[in-house]
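J.: One letter stands for each residue in the lines below.
Protein chains: 2
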Amino acid sequence: MPANLYEPVRYTLDLEAKRIRPALVLMSCELFSDDVKQAIAPALAIEIFHNFTLMHDDIMDQSSLRRNQPTVHAKWNVNIALLSGDAMLIKAYELLSQLSGNRLTQIMPVFNLTALQVCEGQQLDMDYENRDHVSIDEYLKMVEYKTAVLVAASLKMGALLGGAGEKDAGLLYDFGRDLGIAFQLQDDLLDTFADQAVFGKVTGNDIVANKKTILLCEALRLANPKQQEKLKGWLNRKSFDRDEKIKAIKDFYVDLQVEKYVRERIESYHQNAMKSLQQLGVDESKKSALLDFADYLMHRKK
Amino acid sequence: MPANLYEPVRYTLDLEAKRIRPALVLMSCELFSDDVKQAIAPALAIEIFHNFTLMHDDIMDQSSLRRNQPTVHAKWNVNIALLSGDAMLIKAYELLSQLSGNRLTQIMPVFNLTALQVCEGQQLDMDYENRDHVSIDEYLKMVEYKTAVLVAASLKMGALLGGAGEKDAGLLYDFGRDLGIAFQLQDDLLDTFADQAVFGKVTGNDIVANKKTILLCEALRLANPKQQEKLKGWLNRKSFDRDEKIKAIKDFYVDLQVEKYVRERIESYHQNAMKSLQQLGVDESKKSALLDFADYLMHRKK
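In the order they appear, the protein sequences are chains U and L. Its first residue numbered 1, the first sequence is counted upward by one per residue in the working numbering. Its first residue numbered 303, the second sequence is counted upward by one per residue in the working numbering.
One chain only, chain U, in its complex shape (with noise of 0.2 Å):
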């Protein structure tokens, strides 16, 4: 076993991290089974999927920093990063293929089409970087992708797994795909209007780096012929002062009043999850966890 291979692996996985989609594996199944054990396999399937994307993404995206340590391929090297990510993939395959036959012919389809569809997010991402215009039709579909799907499936994949049918785990992948594109709609607020004291982070960096966020696409949807104008300046400027870049835009965004739109969706993707939620077919009693969940993405402040 080349320790070059497994050592970035264990290194990944030993960062402290929220682990929100296994857990959303286990609460969606014991749902609907006392049996959560079963769970556990395809949950850290799941985690370790995810991990994988991260590696591989920040590769992609030249981050040398992830949960505050240095990324595997700025700790090792970029062939070891790409090659450990590979074996991630495949070995969260491997923890799919402990369930049962019946089970994993259930399961594997909804693993992969999520998988790919995580893939295309990515790509997407990166072909939005090179564009001058993204829609907010197009933004929240790389959204949905990127981000969105793997949450949907988590919960999604433990319905099946504690014997719901179709149906209900149907509104839960709806439910958890809203969740997840509301939280990332709410990440890219905090990057820019989070309290730095709370947040932990230095906000700004989307507005430094041009990324396309949700208040880029209102902003540029919501600005008259000469704000555009005066916006895409600031977008096409090759030096500038950080602070007064981010003062800039902010204010555009202010008197916009782009952070009121995007809540406006943040809040009715939260209500359509609520829909969900609602329509599920489990005692109510049981709805609790995830209803709490839903709480604590829909007030973090980090």
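Hints listed in this document are in silico derivations from the structure and should not be mistaken for laboratory results. Hints should not be assumed to be uniformly reliable.
[Claimed, not checked] Lysine to aspartate or glutamate pairs mimicking EDC-like chemistry, simulated, CA-CA at most 20 Å apart:
hint: 1; chain 1: L; residue 1: K540; chain 2: L; residue 2: D508
hint: 2; chain 1: U; residue 1: K275; chain 2: U; residue 2: E144
hint: 3; chain 1: L; residue 1: K377; chain 2: U; residue 2: D127
hint: 4; chain 1: U; residue 1: K75; chain 2: L; residue 2: D429
hint: 5; chain 1: L; residue 1: K547; chain 2: L; residue 2: D597
hint: 6; chain 1: L; residue 1: K604; chain 2: L; residue 2: D429
[What the hints assert, rightly or not] Label pairs and their computed distance ranges (CB to CB):
hint: 7; chain 1: L; residue 1: K540; chain 2: U; residue 2: N77; range: 17 to 25 Å
hint: 8; chain 1: L; residue 1: V556; chain 2: U; residue 2: Q62; range: 53 to 61 Å
hint: 9; chain 1: L; residue 1: K540; chain 2: U; residue 2: Q62; range: 47 to 55 Å
hint: 10; chain 1: L; residue 1: N507; chain 2: U; residue 2: K232; range: 18 to 26 Å
hint: 11; chain 1: L; residue 1: D489; chain 2: U; residue 2: D292; range: 54 to 62 Å
hint: 12; chain 1: U; residue 1: L65; chain 2: L; residue 2: R565; range: 48 to 56 Å
hint: 13; chain 1: U; residue 1: L113; chain 2: L; residue 2: S590; range: 39 to 47 Å
hint: 14; chain 1: U; residue 1: D292; chain 2: L; residue 2: A343; range: 26 to 34 Å
Positions of the beta carbon are idealized from the N, C-alpha and C atoms, including for glycine.
Fit chain L to the known structure of chain U by using the hints.
T.: Chain L alone, transformed into the frame defined by chain U:
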């Protein structure tokens, strides 16, 4: 569907290739069953997996040509080759997932273990680049993992799909592994000793790149201390005339009878493969296709 994700996949799979591995899946299945159709999806999965490894290996090895055409990272860019490769690995699993539950639980462990070993083989290959000395056993382990186990698993998976028992499936695995190693050793020989007109490629690339081939490992094993010193002198030389270096190292190989020793090893693997085939519990007449395949591998000149 982002074009940048899927066009490189199409491009790669459209290149002319021998398709040895999927052919072996089908041939092996046919030994035990008249229903070869069931093996088509897994055969495609193996071929797509193989091409995924080539796409990522080419990034790691910074190869600009593959099958006489630009590699994906050269034609597009590294990020696209990385992500399209990931998508191909997932697509391979998607194809496997078409199997019935019983077959899937039987095939997945074989595929997963093999896929991980292929990654380990590539990691060993990269590790060896940074080492002065690689023993014959270490080299053979790397070749087994990087090349031979996928040939072996192709045959084993085909056999299991055809309904073979574990014993016959294991014999076919061993047959494929031994031929796969023999194949790679042949490859090493051809890169240095092939008739360039028949080979169709320039010879001597391995020598120029100081690649740890079986030839170099054997030479370092057979050389006396003085020859060792001279040989390492050539390996450590930073600037040299290409043809001069090739001739010098080739002269070492000739003096040390390296070619003879390597041919003996190849013949020994060939014999072992033949023994596995003899023990196989199917009618002798059915074995001819695999015998032809072994014959083709053993006598190829390019």
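J.: Please go over all the hints and tell whether each is borne out by the structure.
T.: Results of checking the hints against the structure:
1. L:K540 / L:D508: Within the cut-off at roughly 16 Å; holds.
2. U:K275 / U:E144: 18 Å, holds
3. L:K377 / U:D127: Judged against 20 Å, a Cα distance of about 16 Å means the pair holds.
4. U:K75 / L:D429: This hinted pair holds, its Cα atoms lying about 16 Å apart.
5. L:K547 / L:D597: With a Cα-Cα distance of about 33 Å, the restraint between L:K547 and L:D597 is violated, given a limit of 20 Å.
6. L:K604 / L:D429: It is violated: about 28 Å lies between the C-alpha atoms, which goes past 20 Å.
7. L:K540 / U:N77: 17 to 25 Å: 22 Å, holds
8. L:V556 / U:Q62: 53 to 61 Å: 48 Å, violated
9. L:K540 / U:Q62: 47 to 55 Å: Violated - the Cβ-Cβ distance for L:K540 and U:Q62, about 30 Å, lies outside 47 to 55 Å.
10. L:N507 / U:K232: 18 to 26 Å: 50 Å, violated
11. L:D489 / U:D292: 54 to 62 Å: Taking Cβ atoms as reference, L:D489 and U:D292 lie about 59 Å apart, which means the hint holds.
12. U:L65 / L:R565: 48 to 56 Å: Check passed, 53 Å falls within 48 to 56 Å.
13. U:L113 / L:S590: 39 to 47 Å: Holds, since U:L113 and L:S590 (Cβ atoms, about 42 Å apart) stay within the stated range.
14. U:D292 / L:A343: 26 to 34 Å: 43 Å, violated
Hint check: violations occur at hints 5, 6, 8, 9, 10, 14; the rest are consistent with the structure.
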